[in-house]
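Chains as they are written, first to last, in the numbering used here: chain C, 1 to 354; chain E, 1 to 354.
It should be emphasised that the hints constitute simulated quantities derived from the structure, not laboratory data. Heads up, a few of these hints could be off.
Claimed, not checked - Computed far set for chain E versus chain C, every beta-carbon distance over 12 Å:
#, residue
1, S22
2, T110
3, E117
4, S128
5, T129
6, V172
7, G208
Stated by the list, open to error - Simulated DEER-style distance windows between Cβ atoms:
#, chain 1, residue 1, chain 2, residue 2, range
8, C, P83, E, H42, 41 to 49 Å
9, E, G171, C, A309, 43 to 51 Å
10, E, P23, C, A309, 44 to 52 Å
Ideal Cβ placement from N, Cα and C applies to all residues, glycine included.
2 protein chains.
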Amino acid sequence: MTAERASVDLENWTCPVPLRDSPTVLLGHGAGGRLSSDLVEHLFVPAFGGDAKALGDAAVVAVGATRIAMTTDSFVVRPRWFPGGNIGALAVNGTVNDLAMVGAQPLYLTAGFILEEGLEVEELGRLSTALGEAARQAGVRVVAGDTKVVDHGHGDGLYVNTTGVGVVPDGVDIGPVNARPGDAVVLSGPIGQHGVAVLSVREGLEFGTEILSDCQPLHGLVGDLLAAGVDVHTLRDPTRGGVAATLNEIAASSGVGVEIEERLLPVPDDVRAACGFLGLDPLVVANEGKLVAFVPAEQADLAVATLRANPRGVGAVRIGSVTQEHPGVVVARTGIGGSRVVDLPLGEQLPRIC
Amino acid sequence: MTAERASVDLENWTCPVPLRDSPTVLLGHGAGGRLSSDLVEHLFVPAFGGDAKALGDAAVVAVGATRIAMTTDSFVVRPRWFPGGNIGALAVNGTVNDLAMVGAQPLYLTAGFILEEGLEVEELGRLSTALGEAARQAGVRVVAGDTKVVDHGHGDGLYVNTTGVGVVPDGVDIGPVNARPGDAVVLSGPIGQHGVAVLSVREGLEFGTEILSDCQPLHGLVGDLLAAGVDVHTLRDPTRGGVAATLNEIAASSGVGVEIEERLLPVPDDVRAACGFLGLDPLVVANEGKLVAFVPAEQADLAVATLRANPRGVGAVRIGSVTQEHPGVVVARTGIGGSRVVDLPLGEQLPRIC
């Protein structure tokens, strides 16, 4: 959603102001936009202590002399199987990627299932196998699990939480507060594929497309950047809320402005067509195999070249830069010399996308 | 459920044999009994690799030079508020206790919420506050979180996953395979309170009782045992499936027999009365603040005295011992000189008890 372009009301849209003051939980509270931020800032942080940043990202904490990263994610994507992926593979890659975004080497995962009575055991087997296979591909071990079953009508087949632990190498300090004026903003490849792939098979929204989810692990790309000597300041994988939410969160956390060139954004033609059909801005559509990196401007070319040398980052491009002007605000320069504010999505454009 | 005493069909009970071969997920698959074991052994372990034991308990793994314990648990208890506790406090203590059962000092938790559209934000606030307060009381930090929202009719207000990390002190080796013939079996206090407390307020089952859940953290008790020099072999908190499931799992994992004296079991009068009313064996009812410890016989008195010196273990008693006879089987000696086999519960006596 942007200031210039109204999004189409797909589901449950109501006026923004009452939405933010709702006495009950709305789908938008889980969408990674302003409503989610409100919940974290005004409800969870006061309840749990700590600070909002620590609750939003993988946390880096000490055990003995080692720094570990911890992150948790529940997956409720609907449908469970979609072009290019499934909830099992997504649960591995989503959590592995959150660890990678603080520069950690992912090591261990836990898997907590909430099954709805009546789920086919055969499908549970296939999804567990997909989860196990994704873990092997990502080089992580599933070390602990839990299964709860809820009565029919109180779930949706299968929800799964994965929580991950990784080790943060000495000297690595990557975080959302570290973006600096002058940094280049690099994106590892085309955007919008995961969200459009899921929507293309969603009940009531089916439309023909060949787009596959980009669901993949990203810690290899991060390892390559670090090995190449890139002084990575900030990383984020633009999942719920898309690139728009990611850039807004980093701008706010680091107290900087971000400017991107709209013409440089890698939006595949079929994604653009589907977004036009659905009334979505590709900037707010979820990705599950892309990262945004903030690096010193003089290392931008090195970062892009390093990412492109890895099959998971062949589409890497520089899309913008960090400015000390308009702190907390993301601006997109449009093709014809104008500009628009890229706002943090309010709530729910794409419910249950991950 | 025992060999001598049939349990009353409370909800959804069907014939045991078809239950075990069901093509769909049943409530019993989440109950901590045979159906749960089947799922772990025959589905999750082949899918994820590793071994069944590692998936059932807190896993102990290495990060750098440090051994950490990891465990995950999702909480779906119904209702969310019950005498003596709530789902927030339960989510903290359940996970803290799983860490404690391998001798770990709990340090960090993550909290992953799956909210149903329509939940009162005010109740979410109260439950989060309860979770945060329980974490402070247990001395652990909630370091990362996640919130997903599912549409109305696909959840039940609030489910929460907590995953915990703790440090295992050097030299500590506590696990389900370590019980040995000659060990004493010590229980830290009266049983059956959590399950009965939850059932006492469950929709359709309300009955008058003053019984409170025993929900509490147990790592202090474990620390006391270790500090007293008790060579603890095996620990387990008897949650789903109760003491019956716990003793059966340990007997199977360690390849030993377990004998308990029925008259030594601390069952409060009101719990016994409620279990009689409901047709339940107190041995299969869930606890959330008790532990079973297997220790060398010559240290049994020291273990009991150490537990009793802590307010969380004042009701500690020795309930039995380990034998090399009937490996894998748990036997209860009855008051009149007879004995009965204490079987692993098959499936679901008490759905959604945690």
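Verification of the supplied hints:
no.: 1; hint: S22; result: violated, 7 Å
no.: 2; hint: T110; result: violated, 4 Å
no.: 3; hint: E117; result: violated, 6 Å
no.: 4; hint: S128; result: violated, 4 Å
no.: 5; hint: T129; result: violated, 5 Å
no.: 6; hint: V172; result: holds, 14 Å
no.: 7; hint: G208; result: holds, 25 Å
no.: 8; hint: C:P83 <-> E:H42: 41 to 49 Å; result: violated, 30 Å
no.: 9; hint: E:G171 <-> C:A309: 43 to 51 Å; result: holds, 47 Å
no.: 10; hint: E:P23 <-> C:A309: 44 to 52 Å; result: holds, 48 Å
Violated hints for the displayed structure, listed by number in ascending order: 1, 2, 3, 4, 5 and 8.
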